[in-house]
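**Q** Sequence:
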Amino acid sequence: MSGFSLLDLVLFVPLIGAAIIAFVPNHAFSLIRTTALCATAASFLLSIGLVMGFDANEVGFQLGTSKSWIPEWGVTYKTGLDGISLWMVMLTTFLMPLGVLASWSISSRVKPYFIFFLALETALLGVFCALDMFLFYVFWEASLVPMYFIIGMWGYGRRVYAAMKFFLFTLVGSLVMLAGILYLYFTADQPTFDYEALLGTPLALDVQRLLFLAFFASFAVKVPLVPLHTWLPDAHTEAPTAGSVILAAVLLKLGAYGFIRFGIALFPDAARELAPLLMALAVIGIIYGALIAIVQKDLKRLVAYSSVAHLGFVMLGLFVGSVQGMSGGILQMVNHGLSTGALFLLVGALYDRRHTRQIADFGGLAKSAPVMAGIFLVVALSSLGLPALNGFVGEFLVLLGTYNEYRYWVLPAAFGIVLAAIYLLWAYQRVFHGEPTGENR
7 MSGFSLLDLV
17 LFVPLIGAAI
27 IAFVPNHAFS
37 LIRTTALCAT
47 AASFLLSIGL
57 VMGFDANEVG
67 FQLGTSKSWI
77 PEWGVTYKTG
87 LDGISLWMVM
97 LTTFLMPLGV
107 LASWSISSRV
117 KPYFIFFLAL
127 ETALLGVFCA
137 LDMFLFYVFW
147 EASLVPMYFI
157 IGMWGYGRRV
167 YAAMKFFLFT
177 LVGSLVMLAG
187 ILYLYFTADQ
197 PTFDYEALLG
207 TPLALDVQRL
217 LFLAFFASFA
227 VKVPLVPLHT
237 WLPDAHTEAP
247 TAGSVILAAV
257 LLKLGAYGFI
267 RFGIALFPDA
277 ARELAPLLMA
287 LAVIGIIYGA
297 LIAIVQKDLK
307 RLVAYSSVAH
317 LGFVMLGLFV
327 GSVQGMSGGI
337 LQMVNHGLST
347 GALFLLVGAL
357 YDRRHTRQIA
367 DFGGLAKSAP
377 VMAGIFLVVA
387 LSSLGLPALN
397 GFVGEFLVLL
407 GTYNEYRYWV
417 LPAAFGIVLA
427 AIYLLWAYQR
437 VFHGEPTGEN
447 R
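Sequential numbering from 7 applies to the sequence shown in my numbering.
I should point out that these hints are in silico values taken from the structure, not numbers from a laboratory.
Each hint should be verified, as a subset may be incorrect.
Subject to a maximum C-alpha distance of 25 Å in a straight line, what follows is the list of computed DMTMM-like cross-link-like pairs (lysine to aspartate or glutamate) [as the list claims (entries may be wrong)]:
| no. | residue 1 | residue 2 |
| --- | --- | --- |
| 1 | Lys171 | Asp195 |
| 2 | Lys171 | Glu147 |
| 3 | Lys73 | Glu147 |
| 4 | Lys117 | Asp358 |
| 5 | Lys373 | Asp304 |
| 6 | Lys73 | Asp14 |
| 7 | Lys171 | Asp88 |
Using the sequences and the hints given, assemble the complete structure.
**A** This is how it looks when you write it as structure tokens:
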């Protein structure tokens with residue numbers, strides 16, 4: 007891994023697009039939007055080349071770059087992909103152009119909005135590609151700033167409160183993780199931030215526990231795991247549509263990805279010992295998120311709480327300790343990104359049409375918008391894991407892996423799927439069927 011690679015282009019094309027937009031006149035809205043769309047689309051098309059060049063039979067990281075960056079500190083610009091990070095990169099580059107299209111109607115401070123949006127894409131991709139702990143932390147923190155402004159400046163209602171809550175929760179967790187990263191750096195045989203070198207660093211179980219908990223503080227907030235989830239409903243509800251899509255589909259995956267890449271890989275003994283606690287929190291999240299979603303009156307908030315439940319399935323799969331569970335958890339990360347991202351796009355379209363998210367203000371929309379009703383139904387069914395749709399395989403593998411290792415968690419987790427059917431189909435019925443209300447009459 008030397009020189010500059012295709013992965014670097016995928017990573018920095020959005021940032022180049024943001025730099026170009028910075029020189030575009032403020033009033034040239036069409037040019038700004040088109041530039042943002044071209045930059046995100048180019049990153050997606052280039053990422054297809056990553057898939058074509060990726061060798062699934064090769065062990066280790068591929069298609070990356072390794073360049074000395076700050077040699078005095080042992081910091082390198084080192085990137086690479088394995089099968090897990092490739093999935094996350096493809097998910098990100100696929101959804102970002104859709105986010106630009108969903109933002110097309112934004113007419114206030116258009117230029118800074120798309121600069122932040124493109125910078126966010128580079129930061130997200132950097133988290134998934136970084137193989138240097140310092141570089142990873144830079145990208146991790148960099149993803150916080152654009153999303154803070156996207157929520158706080160272009161959101162709805164209590165947007166400043168939601169943005170600040172998101173910022174503080176994430177920042178505090180990140181600072182604890184930074185302490186863990188620095189400990190790893192100073193205890194290595196030769197001080198280094200190189201991830202692959204740190205993989206071979208022997209650590210006593212007590213040290214592993216402390217370091218796992220340090221990383222847990224950051225990753226659990228991002229997932230989010232109950233009870234560290236309270237920032238999520240507010241952030242989702244007040245964010246603009248594209249912000250909600252990327253927040254649910256990609257940003258939450260940073261936490262799950264962090265557990266896979268760092269929590270489990272760097273501290274395997276501690277992860278194994280603490281797995282029962284993580285699984286308990288995951289199952290609590292599945293049930294709690296579903297129960298709270300059922301009683302929501304705001305459609306967007308309902309989808310937000312559904313993410314708490316779905317990410318509970320992801321975490322259950324990751325820590326159950328079986329190949330099926332891990333595979334299902336990773337697949338569910340992608341499937342949740344697609345299904346929930348689509349749900350937020352649909353909720354945004356409904357809001358643009360009716361200027362309300364209150365479920366009681368809808369009703370009978372299937373008569374005037376039959377295509378949207380059909381799409382919403384298919385997406386809802388995929389989200390609850392109906393066989394033959396994308397959500398089924400991941401959830402099935404998680405349940406299968408759980409049954410093989412910890413079968414007493416299967417029943418409550420499966421009950422979460424039943425609850426998902428209740429809140430999603432009930433919401434669909436109230437929005438698209440029943441007696442028309444307001445403008446639907």
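**Q** When the hints from earlier in the document are held up against this structure, which numbers fail?
**A** Of the numbered hints given earlier, those the structure breaks are 1 and 7, listed in rising order.
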